[in-house]
Every structure is written in structure tokens, then in C-alpha cells.
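Trainee: Now for the letters of each chain:
Number of protein chains: 2
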Amino acid sequence: MKTYNLPNPDSWKEICKRPVFNTRDLTEQVNAIMDDVRLNGDSALYRYAQKFDQCTLTELQVRPEEFETASSLVSIELKQAIQVAKANIEKFHTAQVEESKVIETMPGVFCWRKSVGIEKVGLYIPGGTAPLFSTILMLGIPAKIAGCNEILLCTPPSSAGSIHAAILFTAQLLGITQVYKVGGAQAIAAMCNGTDSIPAVSKIFGPGNQFVTKAKELAQLSGVAIDMPAGPSEVLVIADKTCVPAFVAADLLSQAEHGADSQVVLLSDDAQVLEEVKVQLAIQLATLPRMEMAQQALDKSFMVRCASMEQCFELSNVYAPEHVIIASENAESLAEGVVNAGSVFLGNYSCESAGDYASGTNHTLPTNGFAKAYSGVSVDSFVRKITFQKLSAEGIQGIGAAIETMAEAEELFAHKNAVSLRLKSLENG
Amino acid sequence: MKTYNLPNPDSWKEICKRPVFNTRDLTEQVNAIMDDVRLNGDSALYRYAQKFDQCTLTELQVRPEEFETASSLVSIELKQAIQVAKANIEKFHTAQVEESKVIETMPGVFCWRKSVGIEKVGLYIPGGTAPLFSTILMLGIPAKIAGCNEILLCTPPSSAGSIHAAILFTAQLLGITQVYKVGGAQAIAAMCNGTDSIPAVSKIFGPGNQFVTKAKELAQLSGVAIDMPAGPSEVLVIADKTCVPAFVAADLLSQAEHGADSQVVLLSDDAQVLEEVKVQLAIQLATLPRMEMAQQALDKSFMVRCASMEQCFELSNVYAPEHVIIASENAESLAEGVVNAGSVFLGNYSCESAGDYASGTNHTLPTNGFAKAYSGVSVDSFVRKITFQKLSAEGIQGIGAAIETMAEAEELFAHKNAVSLRLKSLENG
Numbered sequence: 001m002k003t004y005n006l007p008n009p010d011s012w013k014e015i016c017k018r019p020v021f022n023t024r025d026l027t028e029q030v031n032a033i034m035d036d037v038r039l040n041g042d043s044a045l046y047r048y049a050q051k052f053d054q055c056t057l058t059e060l061q062v063r064p065e066e067f068e069t070a071s072s073l074v075s076i077e078l079k080q081a082i083q084v085a086k087a088n089i090e091k092f093h094t095a096q097v098e099e100s101k102v103i104e105t106m107p108g109v110f111c112w113r114k115s116v117g118i119e120k121v122g123l124y125i126p127g128g129t130a131p132l133f134s135t136i137l138m139l140g141i142p143a144k145i146a147g148c149n150e151i152l153l154c155t156p157p158s159s160a161g162s163i164h165a166a167i168l169f170t171a172q173l174l175g176i177t178q179v180y181k182v183g184g185a186q187a188i189a190a191m192c193n194g195t196d197s198i199p200a201v202s203k204i205f206g207p208g209n210q211f212v213t214k215a216k217e218l219a220q221l222s223g224v225a226i227d228m229p230a231g232p233s234e235v236l237v238i239a240d241k242t243c244v245p246a247f248v249a250a251d252l253l254s255q256a257e258h259g260a261d262s263q264v265v266l267l268s269d270d271a272q273v274l275e276e277v278k279v280q281l282a283i284q285l286a287t288l289p290r291m292e293m294a295q296q297a298l299d300k301s302f303m304v305r306c307a308s309m310e311q312c313f314e315l316s317n318v319y320a321p322e323h324v325i326i327a328s329e330n331a332e333s334l335a336e337g338v339v340n341a342g343s344v345f346l347g348n349y350s351c352e353s354a355g356d357y358a359s360g361t362n363h364t365l366p367t368n369g370f371a372k373a374y375s376g377v378s379v380d381s382f383v384r385k386i387t388f389q390k391l392s393a394e395g396i397q398g399i400g401a402a403i404e405t406m407a408e409a410e411e412l413f414a415h416k417n418a419v420s421l422r423l424k425s426l427e428n429g
Numbered sequence: 001m002k003t004y005n006l007p008n009p010d011s012w013k014e015i016c017k018r019p020v021f022n023t024r025d026l027t028e029q030v031n032a033i034m035d036d037v038r039l040n041g042d043s044a045l046y047r048y049a050q051k052f053d054q055c056t057l058t059e060l061q062v063r064p065e066e067f068e069t070a071s072s073l074v075s076i077e078l079k080q081a082i083q084v085a086k087a088n089i090e091k092f093h094t095a096q097v098e099e100s101k102v103i104e105t106m107p108g109v110f111c112w113r114k115s116v117g118i119e120k121v122g123l124y125i126p127g128g129t130a131p132l133f134s135t136i137l138m139l140g141i142p143a144k145i146a147g148c149n150e151i152l153l154c155t156p157p158s159s160a161g162s163i164h165a166a167i168l169f170t171a172q173l174l175g176i177t178q179v180y181k182v183g184g185a186q187a188i189a190a191m192c193n194g195t196d197s198i199p200a201v202s203k204i205f206g207p208g209n210q211f212v213t214k215a216k217e218l219a220q221l222s223g224v225a226i227d228m229p230a231g232p233s234e235v236l237v238i239a240d241k242t243c244v245p246a247f248v249a250a251d252l253l254s255q256a257e258h259g260a261d262s263q264v265v266l267l268s269d270d271a272q273v274l275e276e277v278k279v280q281l282a283i284q285l286a287t288l289p290r291m292e293m294a295q296q297a298l299d300k301s302f303m304v305r306c307a308s309m310e311q312c313f314e315l316s317n318v319y320a321p322e323h324v325i326i327a328s329e330n331a332e333s334l335a336e337g338v339v340n341a342g343s344v345f346l347g348n349y350s351c352e353s354a355g356d357y358a359s360g361t362n363h364t365l366p367t368n369g370f371a372k373a374y375s376g377v378s379v380d381s382f383v384r385k386i387t388f389q390k391l392s393a394e395g396i397q398g399i400g401a402a403i404e405t406m407a408e409a410e411e412l413f414a415h416k417n418a419v420s421l422r423l424k425s426l427e428n429g
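Line by line, the protein sequences are chains L and D.
Going by our numbering, the letters in the first sequence line up with residues 1 to 429, in that order.
Going by our numbering, the letters in the second sequence line up with residues 1 to 429, in that order.
Rather than coming from a laboratory, the hints here were simulated on the basis of the structure.
Here the structure is a predicted model, which means the values were calculated and not measured.
Keep in mind that a hint or two might mislead.
Put simply, identical chains are the same to the list, so a pair is met inside one copy or across any two.
[Claimed, not checked] Distance condition first, Cα-Cα at most 27 angstroms in a straight line; then the derived DSSO-like pairs of lysine-lysine:
(1) 13 - 120
(2) 424 - 278
(3) 120 - 17
(4) 424 - 241
(5) 86 - 114
(6) 114 - 13
(7) 114 - 101
(8) 144 - 101
(9) 79 - 424
(10) 17 - 278
(11) 385 - 17
Just chain L, with the same shape it has in the complex (with noise of 0.2 angstroms):
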């Protein structure tokens, strides 16, 4: 990890860019695959799972008793940890639902808001080496809290056709019985354009590769909603003599283990500090299945020793990180000096691993710098709150003059005469 030691703040900004990836050229290829689902629909997912998948299908829904099948493959202590995490999920995510609350504005005006759930939403689940069953978690909850009618699931297959155990486990628990064996840019335009297999859906979560993330973002152009921006997942740890070095690295390397371009920070006001986590780095980086890959991501991470705590936070602000982990025994004082950032970590005993599966919070969270405009994902990304408004005769007569004034300074006849008219007819009546 390359070391700053006291920078300007002036360098910050610089210190804080993310590395860049270019993915102009992928374009016209995700674009291609877009027009070719729309265009010719299943037969094109099919040939796709045979070219990317190297898999032949007969069908792109998964059927019951492929459900029934990998239940028998999940461990029951894996079982029982889904519970555990499912229930803690649900209990935060169930506190976010928004009771309707009607507010009269002014005597006879009355206003409220009422959270519905997006009828269609469909969420993808990268394929590799390791099933993302958590991520099944973290949006298929919060899509049932917020009572979305219809829910699909695009997971690419192996190239046994089948679908990881613990990913049909998961969903099934869930109660999303839709999942379609389509991976990659191809499932994005599938769940765009819709199939004769596969609904079309009015927003789309997920994470993904960079072909996911680029149909992601034409899918968007096109109308359809998606969830957030994407870029490579991060963590920052600000840490001050309190903390324990061993459990800032374990943090930073089970950031660094997700990928090459995972981003690692670490902050300190103590010089002691950054050495200590140093030594355990190495230490711990020699026992991990993952070293080399962790290896590439600490090599572009960095490590900054700050002239205060508060200067820790002013720094982390500005780099508006995924994951901030206060690792200190003040962490909750601290905490106020958060204003951009994913998700929060607070103490020495609140690991990232925590949120990225049990704890209760949700994972899918916005990177890149993207926390200083975006929250993460939660039972708000799945609704639409919409505004309802009734006014009574009085409500009309108490508003209406000033509605007039207003059209009329604005050059709207036709909004002032709907006031007027009813006005009139009140007079009269």
C-alpha cells in the first residue's frame, strides 16, 4: 500500500481519484447483444448460454423440483446461517416501511404519501467461482417487504445447466420462484425488453461484470430504472491508537480478496498505527486462498497519516467511500463526523464481513464516490411513494386565490380558470 504521510489537503482530491476504466469500446458489443435479445428474444439467450456458458438449455426457467433438488445440497449449518442473516435483515428492512402519514397543510387541504412496490423488478446474480447467495438476501428482502408483485431472478448456469444450490436455496426461502438460468449483458436485456420466457420488469438491481454494468446503464437510457451506478467495491478504515491492528487488516484484506481493482484505504492520525497494521497485512495476506488477487488490490491502495481524527474524516468525506469502519473504542462520537459514505462500521467489533451478510444492513451499497449523491440499497429502492392530495370546499376556498395569483404570475390560464371555475361554482352554490 503506497503511504502518505501528512499530504496537503490540496492533494486529496488527487489522492482520492479512483483508477478510471474505459468502457467506451464495450458499447457497441452490449449494444449488439441488447438489439439481439430484443430482436430475436429466447432463441438469442439460448445461443448466448451456448457461447458464453458453453451450456446447452431446453428451458431458461428454472423448474421446481431443480428447487427441491439443491435444497438436499445445502448444509444444514449453511441453512441455519441464512435463517440467522434472513431474520436480521428482515427486522431492519421491516423498520424502514413508511407509515402513511396525512398532513393538512391548511384547513380543508390534506396531503399524504403512500409507498407502493414496483409491480415488476428483476435482479441479477453474477455466476463465477463463488454463488452470491447474499446478494439473493439483500434484494429479495426488501422487494417482498415493499411488496413487489412479481420478482425474477437471472443467474448465469454452469455448464451443466444447473444453477448453484445454495443461490436456489436462498430464493426459494425468499419466495421468488421466477429464476431464469441467463447470465451477463444478455439477462440485463431480457429483463429490458422482456422474452417470451422472461417478463420485462420496470427496474433492475444486481451486481455484475462490466458487461452487466454497461447493459445496466443502457437498459437506464431506455427507461427502465436500475438500482445504482456500479464501480468495484471499497473499504477506508480510520483507525487511532484504540483500535486493534490485526482486525484493521483482517478488514482491509477481506475488502482487498474481492478483486484486482477492490479499493483499500486506511487512515490514522498515529504513525504507530499504519506501521502495526503493516506487520499484520503480511502476516495474515501469506494464509489467504485469495493472496494474489489481494495482493494486486493492496498495491493500488493506500494508507494516509493524518494531522487529526477529524482530519481522518474530512479526508474520508471527500473520498465518499462504499464501506467507512471506525475502528476505535470512540467509534460512535466519532461517527458524526461521517457525511459521505455507503454504510457505517462502528468500533472495533463491527467487521465489514457483519454487513455484507447478517448484521441486518444491506450490502448493495454506492461505490466510486458515488455515496455523495446515493444511498444504498433498501425497501425505498423497491417503492414509489406516491402523493395523494384531497381538498374540501373549504380547502379550495382557503387556497384558491393564492393558486390564481400564482398561474397568472406564471402565465397559466387554464391552471388559474380550474381554481376560478370552482370557485365560482361555490359562490353560487
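Dock chain D against chain L, hints included.
Mentor: Then chain D, alone, in the frame of chain L:
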């Protein structure tokens, strides 16, 4: 207006299609403006003011004395009307502020979220003949309530280099002092990248023409958030025999006068209602200053006689309108049928103008069917809901095994290790 009589539900999707505007040709043009502003900053903005606003500026930011002059030019009546609207909008939006609730998901595992205002936001207010000061209220009030630190406002100057008095009065009333004389795509470019005079922001809000819309789209691709995708404004009225046809006609016309591309839809289970509204439309249209524009919008709009009120709501949900007016004495119970909409107006006295200006709800709403996935602007649009979590020793001991099991199943051993180290230290301690 085109009239459909009991159309087959199979044809609804086709009936509900919005006119498609091809904005692909704009991309190059708007990209050039964005690049120009990024490279040349303020000097490009002065040049565009000359070119597009026929205006020679020596300074981009509105000066304090211009606010004072503006205030003296606004009538007392309009000031009072704006104050009434402001009070109602503040009341409704203040109720949207979410209080932090700490949830103990398991013993010793505490999770909560905290709403934090986006630090820097930019509001765009279009120019043209009518000064849209009402949109300043709709964007500026929730921004202030959310606690955004820096709120910029860009709006095009007149050829004399001035900004409409009502715009400046309203901005000042809300405490928005950073007002810049910049319009069009160049305003979005300035707020996206920053110039010497205009700071870059993290999220851009506000309506605009096709150039502004395209610029916001490009800004979003470059990582700056936007309020929502844009499209022409629209209203859908669902009327039964308890409606007042003159009021319905007035509401349709108040939408139609927005522009030739406005969408106006009327649904009823009663053929006579449609006939009576047609008569009223003809009568009222003749008196409107914007008659021609409204007529053009009506020409592209439609009314549908449905088999039942239930079917009216089904069709409305396929359309997913920005505004729905339920013109019926039973509006409140009928409103349960609304699934896809931006804002809903209940009963014969709840005209859209009320919500456009002063009832308290927000008028920045999803058009073009986006209501299927997007909500209107609210305080939520100006905050990030950052999640926090704190695990005690008891917390990590209770949840640790579940995390270890899940991390191992996802083959993320450093994630597991971050927990194992903590559990071991507690065993040894």
C-alpha cells in the same frame, strides 16, 4: 381528442404509448457543449450567453442588489401567494424527514440509518416567457429541509442580462443566494464539472427543454446524479357520473396549455360524461390565451370509455400517469385502485393546479410512464440514508458463526477471518 369506446384490453398498451422523441441527434451537439464548458469554463458560458440568450454578461452570479431590486418589483399579492405555497410545501415536506430508529436485530447487534443532506446540489430553472418560480419552491424547500450545504440555482438571463423578479424573490425567500445567469445544456455542464464561478455539484434537479434533458442524461453517465428522467407533462382524469364536467375540462386544459407535446387523457365508465366534457372543452378552450398550443396537445390526446370504473384504474395503471385526477364523489375509496402514478388528486375540488402550486405536494413528478419505477421529488431526493451498525462483544459472539459459515460458502476466506480473529480474541480475553 381521439375517442376509444370499450377498447379491448389487449390494445391498451398500444393506446398508452407516448409519442417518441428522437433525441439521438442531440447527443453530439450537447456533448460538444459539455466538452466546451469542461475545457473553457466561464469563458464558454459567457460565449453561450451571447449566442443563445443574446446577452452580454460581465458576471455570472446574481449580485445582492439584484435580489433587492427584484423584491421591490414583485407585487404584494404575489408575495403573499408565494408565502402561502411555501408554508404548505414546508409543512408537507418536513413531515417526510425520517427519524433515526436504532434496531437491535440480535442481542448486541445495533443497526440504524441516518439521513444526511447531499452536500452540493444544483437546481435548474428554465427561462422562456413564463418564470417558473413555483419550481424553485418545489426543489428549494426540500433541499433546505434535507440540510444540503450548498444549493446553486442556474437559470437563463434575458437579453438585458436580468433574471425575472419572481425567480429572484423566491430564491431569496428560501435563502438560496448562489443564483447564476446560465441556461440550457451549458448550465448543466457547468454544474456537472464546475467552472471558476460555478461549483460542481453531486446532484442536478429541474426541468428543461430537450437540450437540458440530454445534458442531464450525459451528466448522469459521467457520475453526477439527477432527479429523474424527463418527458412531457401529462394528466389522466378518471371521471364517473358524479364528476363535474366543466371542472374535468378545465383540468384537462390546464395540462394541455403546458405545450403541444403535453399528454391529456380522460377515462370514464360513462359515455355521457365523455360527451359533456367534450362540450365543456370546446367552450373553455375558446377563451384561453394559449388556445393554439392547448389545441395541439388535445389533438394528440385521447379519451376512453371503459366497461367499469375498475377497468378505468387498470388502464390508468398501464399508462402510469404523472398526475391522476379522480373526478368522483367516491374518490377516496376508488383511489385504492391506483398502483402506478406520480401524484393523485381526489374529488371534484382537488384540481391539479392545487398541487402544481400550493397544496403542499411536490410538482416534480415522473412522466412518460416512469411512475412505474420512480417517485416524485421529495426530501428523500436530497438526502443519502447512510446505514450504521455497531456490534458489541456479545453481538459478534452471537452472529459470528453465521457470518463465518456464509463467507466460507461464498469462498471469501478473508471475510471469514475478520470474524474468526475477533471471536478468538474474545475467547482468549
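Trainee: For every hint, state whether the structure bears it out.
Mentor: Results of checking the hints against the structure:
Taking identical chains as interchangeable, the C-alpha atoms of residue 13 and residue 120 lie at most 27 angstroms apart only when they sit on different chains, with a minimum of 16 angstroms there against 40 angstroms within one chain. Taking identical chains as interchangeable, the C-alpha atoms of residue 424 and residue 278 lie at most 27 angstroms apart only when they sit on different chains, with a minimum of 21 angstroms there against 78 angstroms within one chain. Taking the shortest Cα distances, residue 120 and residue 17 sit within 27 angstroms of each other only across copies (19 angstroms), while inside one copy they are farther apart (37 angstroms). Within a single copy, residue 424 and residue 241 get their C-alpha atoms only as close as 73 angstroms, which misses the 27 angstroms cut-off; across copies the closest is 21 angstroms, which meets it.
When the C-alpha separation of residue 86 and residue 114 is checked against a cutoff of 27 angstroms, the pair qualifies both within a copy, at 26 angstroms, and between copies, at 22 angstroms. For a Cα distance limit of 27 angstroms, the shortest separation of residue 114 from residue 13 across copies, 26 angstroms, qualifies, whereas the shortest one inside one copy, 41 angstroms, does not. When the C-alpha separation of residue 114 and residue 101 is checked against a cutoff of 27 angstroms, the pair qualifies both within a copy, at 8 angstroms, and between copies, at 20 angstroms. For the identical chains of this complex, residue 144 and residue 101 are neighbours both inside a copy (22 angstroms) and across copies (21 angstroms), given an alpha-carbon limit of 27 angstroms.
Proximity of residue 79 to residue 424 under the C-alpha cut-off of 27 angstroms is restricted to the inter-copy arrangement: shortest distance 24 angstroms between copies versus 67 angstroms within a copy. For a Cα distance limit of 27 angstroms, the shortest separation of residue 17 from residue 278 inside one copy, 22 angstroms, qualifies, whereas the shortest one across copies, 60 angstroms, does not. For a Cα distance limit of 27 angstroms, the shortest separation of residue 385 from residue 17 across copies, 24 angstroms, qualifies, whereas the shortest one inside one copy, 35 angstroms, does not.
In terms of the numbered hints stated before, the structure departs from none.
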